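So the protein lines, in turn, are chains S and V.
In this text, residue positions in the first sequence follow this note's numbering: the first is 1, and each later residue adds one.
In this text, residue positions in the second sequence follow this note's numbering: the first is 1001, and each later residue adds one.
Derived by calculation from the structure, the hints in this document are not laboratory data.
Be aware that one or more of the hints could be misleading.
Stated by the list, open to error - A partial selection of chain S residues facing chain V, derived with a Cβ cut-off under 8 Å:
#, residue
1, V29
2, A217
3, P218
Being a predicted model, the structure only gives us computed values, none of them experimental.
Don't be surprised by glycine CBs; every beta carbon is placed ideally from N, CA and C.
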Amino acid sequence: MALPFTMVAMDGAPTDRDLAAIGLLQDPVRRALYEHVVAAGGEVSRNQAAEAAGVGRGLAAFHLDKLVEAGLLEASFRRLSGRRGPGAGRPAKLYRRAAGEVAASLPPRTYETAAHLLAETVEQTGADLELQAAARRAGVRAGRRQPREGGLAVERLLAARGYEPYRDGAAVRLRNCPFANLSGEFPVLVCAMNLSLIEGLLEGVGEPPGRAVMDPAPGRCCVAVTSKDNQD
Amino acid sequence: MATHHLAQVNIATLRHPLDGPELAGFVAQLEPINALADAAPGFVWRLQTEDGDATAIRPFDDERIMVNLSVWSSLEALRAFVYASRHLGVMRHRRAWFTRMADPYLALWWVPAGTVPTVAEARRRLQLLARSGPTPAAFTFRDPFPEPTGDSAGRSR
């Protein structure tokens, strides 16, 4: 996914800020509000979030602002009516998921640094095809482990892996790139790896791997899963 | 109005002849991807022969080396085309079509708006990047430099 260039995150022990942000989500109301904003994929007003979480507007506002303070959400003001000037009313406060990442691993694990070093090495040695083959195999293995009951195995699998799938006509698009920092720095390498991984997941759950296609656009994962096999 | 545009050169060494079966996938994508570039937001110019592409231009001693040379309104416009369009899907096959190069294969630099670079100039920018690393005169996506504010076109700042 082509996100704006991100700084390489520096791994290390979780900061107080990271831990506090994660702790905030323990509250079920805050968790529901956060998940509603994330699932909406764009800006959400206080009223919309309050309704979705089944709480009053004032309580929603309080918790939403806590989430902004913690760096989990970002707020902006905009007039929803599209009118301007006097009489247009006060701009609404809108919330969206913050661009930054919150991560905490206990004990500290520094996979981000390792991933960047490995990606840099694969890039320098030109081992793209070997990486794609490894990703395909890993995808097949993960797909085979997926329980078969019910439909939509692919979507559940993608959701479980953090892709945040959503329906867009006949296609399933992915709101989140689980490799965002890495794909920002090594887009060709990492997006191709990602496509191979998803092809493997499809194969593993018994779907045609050709349903996965590269369909990048700003602000989403580079891969989409179409309703039919596109294998050429 | 921007006073500068971003010039981009990249080179690639063919693993196999362009008219052979190994490169058929690449050749098939030339026209649609070039058309995509021409229509892309921020596209200004690209090097091409009367065939509509630049595959016949082989300016290096090693005639397997092909060159892409283009001009864009901004770094963001170029980045969006390269990494967030169907172009990305084509690039994932790069190792099947082209050998990996030890020296820099892509260089970016700012040119005064309204001018286009020559192939010789592009070669110099690649050499400069190889010699000095990323500088305002020749840089990369990973280590970009902002558009110059004066009219120095990234020569020295």
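Hints, one by one, checked against the model:
1. V29: 36 Å, violated
2. A217: Cβ of A217 (chain S) sits 6 Å from chain V, so the hint holds.
3. P218: 5 Å, holds
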